[in-house]
Amino acid sequence: MGTPLDGGSRVPIGCPAKLRRVTRKKVAPDLEGWLSLAKARYAMGAKSVGPLQYASHMEPQVCLHASEAQEGLQKFKVVRAGVHAPEEVGTREAGLRRRKGPTKTPEPESSEAPQDPLNWFGILVPHSLRQAQASFRDGLQLAADIASLQNRIDWGRSQLRGLQEKLKQLEPGAA
Amino acid sequence: MLEGAELYFNVDHGYLEGLVRGCKASLLTQQDYINLVQCETLEDLKIHLQTTDYGNFLANHTNPLTVSKIDTEMRKRLCGEFEYFRNHSLEPLSTFLTYMTCSYMIDNVILLMNGALQKKSVKEILGKCHPLGRFTEMEAVNIAETPSDLFNAILIETPLAPFFQDCMSENALDELNIELLRNKLYKSYLEAFYKFCKNHGDVTAEVMCPILEFEADRRAFIITLNSFGTELSKEDRETLYPTFGKLYPEGLRLLAQAEDFDQMKNVADHYGVYKPLLEAVGGSGGKTLEDVFYEREVQMNVLAFNRQFHYGVFYAYVKLKEQEIRNIVWIAECISQRHRTKINSYIPIL
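From first to last, the protein sequence lines stand for chains A and B. Positions 301 to 475 (my numbering) are the ones given, in order, by the first sequence. Positions 6 to 355 (my numbering) are the ones given, in order, by the second sequence.
Keep in mind the hints are simulated off the structure, nothing from the lab. Check the hints yourself; a few may be wrong.
Claimed, not checked - Calculated from the model, a selection of chain A residues having no Cβ within reach of chain B, i.e. all distances over 10 Å:
1. ARG341
2. ALA355
3. GLU359
4. VAL379
5. LEU424
6. LEU463
7. GLU471
To be verified - Looking from chain A toward chain B, a few residues come up when the C-beta cut is under 8 Å (computed):
8. GLY333
9. TRP334
10. ILE423
Computed from a predicted model, the values in this text were never measured in an experiment. All C-beta atoms, glycine included, are put in the ideal place defined by N, C-alpha and C.
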């Protein structure tokens with residue numbers, strides 16, 4: 301979809317349909333993840349899968365990496381913590397989990413692999429807990445894709461509004 | 006050959022057996038579960054539970070009602086009933102009931118130790134401990150650094166002391182060692198409980214020994230399945246299997262070498278009881294191994310009530326009540342998450 305103006309400037313608006321599709325895809329793993337956690341509580345005991353099992357301060361396993369794509373837009377990607385090249389710039393949030401208290405940002409060269417969160421609940425965890433982890437991991441990547449698409453659509457909309465304004469000004473007899 | 010349990014059992018234990026049979030009759034029926042799965046909110050669930058034997062057990066709770074609160078209150082109620090049985094019991098039933106509480110004590114000890122690793126406050130963890138497993142030395146558990154410290158300083162006066170023989174070591178208590186400690190304690194406990202029931206003889210042994218053998222075999226299968234892909238070695242895995250049950254010794258030796266679910270299924274194929282259970286895993290209903298074992302456990306515990314003059318009815322009642330609590334909590338989770346596809350995956354009891 302585009303709007304020819306001034307010798308053919310075209311504005312790619314983006315794909316709202318793709319956004320809807322990816323958003324719907326994200327909802328499914330989230331729902332499955334929470335249900336799998338409930339299943340794990342069913343198997344292990346209600347108090348065995350809860351806030352008692354993890355510390356208030358934790359190191360993230362994954363980080364959100366922002367890079368500049370075409371047209372100067374920000375594109376988001378989920379990467380394993382500690383894998384960034386030092387010269388990469390962009391928004392660097394300490395994982396997608398928000399926790400209270402100061403969190404040390406590890407130096408990329410010296411960071412160890414963070415402990416698998418599955419071990420917070422014991423070494424012999426049921427399959428449902430592993431399924432929950434896998435579902436939430438899938439959801440994380442989809443969340444990054446949605447954010448990228450959202451950025452693209454917002455940019456496209458602002459471009460379209462600008463072009464529509466120009467068009468109004470150029471229309472003969474508009475005054 | 007009758008051993009005379011029917012002649013003298015009621016003298017000491019008749020009242021309590023009558024009581025536990027009355028409690029068993031108040032377990033939720035299929036109609037109750039049909040009403041519960043139709044609830045739209047947790048408040049609806051609470052209203053429907055008021056029409057059952059649970060009554061107003063959630064009356065003191067203010068909004069918002071959560072699944073965790075429902076679970077805590079149901080467990081408190083069960084604990085109240087069990088404490089009544091225990092306070093009115095005479096030997097050897099009292100020892101039998103104490104054995105039943107040891108499994109919850111082990112869970113509480115492990116919860117406290119894990120909490121210490123995560124730097125949680127003792128008060129916070131004590132609030133989440135299972136009420137059936139409370140003992141006075143609980144608050145000191147988190148200061149122990151090795152299993153030997155734990156035993157010598159804290160648990161030596163508790164009913165858990167005899168189960169520590171295979172667990173004494175100077176290894177620091179990290180996640181792997183805590184898991185090994187949990188399973189070894191449980192193994193020792195099950196073996197001691199089994200020996201107690203077997204030595205008691207009579208109808209109690211006839212009812213309880215098969216139930217405990219099933220429990221031992223279940224633990225072996227579950228430990229094996231959950232150990233795939235972890236840092237637990239095959240040798241360590243084998244040390245966690247209880248040394249009794251249908252699988253002991255050949256089945257356990259084969260299970261120790263299994264590397265995936267199919268190999269585990271091949272071991273189960275040698276046992277008429279376990280072959281259909283493992284074949285039922287997966288399938289269209291998406292049943293897990295835990296599900297099929299819970300179903301089998303419910304069948305065995307319901308059958309325990311078909312015989313009189315034995316202590317197994319107390320064990321069976323507590324286990325059936327726990328399954329009922331799991332069912333209600335599962336239904337409550339599905340309602341609160343608005344994910345009703347698998348809301349009927351509970352296990353009916355009556």
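Consistency of the hints with the structure:
1. ARG341: violated, 7 Å
2. ALA355: Answer for ALA355 (chain A): violated, closest chain B Cβ roughly 4 Å.
3. GLU359: holds, 14 Å
4. VAL379: For VAL379 (chain A), whose nearest Cβ neighbour in chain B is about 24 Å away, the distance exceeds 10 Å, so it holds.
5. LEU424: violated, 4 Å
6. LEU463: holds, 42 Å
7. GLU471: With a cut-off of 10 Å, GLU471 (chain A) remains clear of chain B, as the shortest Cβ separation is near 51 Å.
8. GLY333: violated, 10 Å
9. TRP334: Since chain B brings a Cβ to about 5 Å from TRP334 (chain A), closer than 8 Å, the hint holds.
10. ILE423: holds, 4 Å
Checked against the numbered hints listed earlier, the structure breaks hints 1, 2, 5, 8; every other hint is satisfied.
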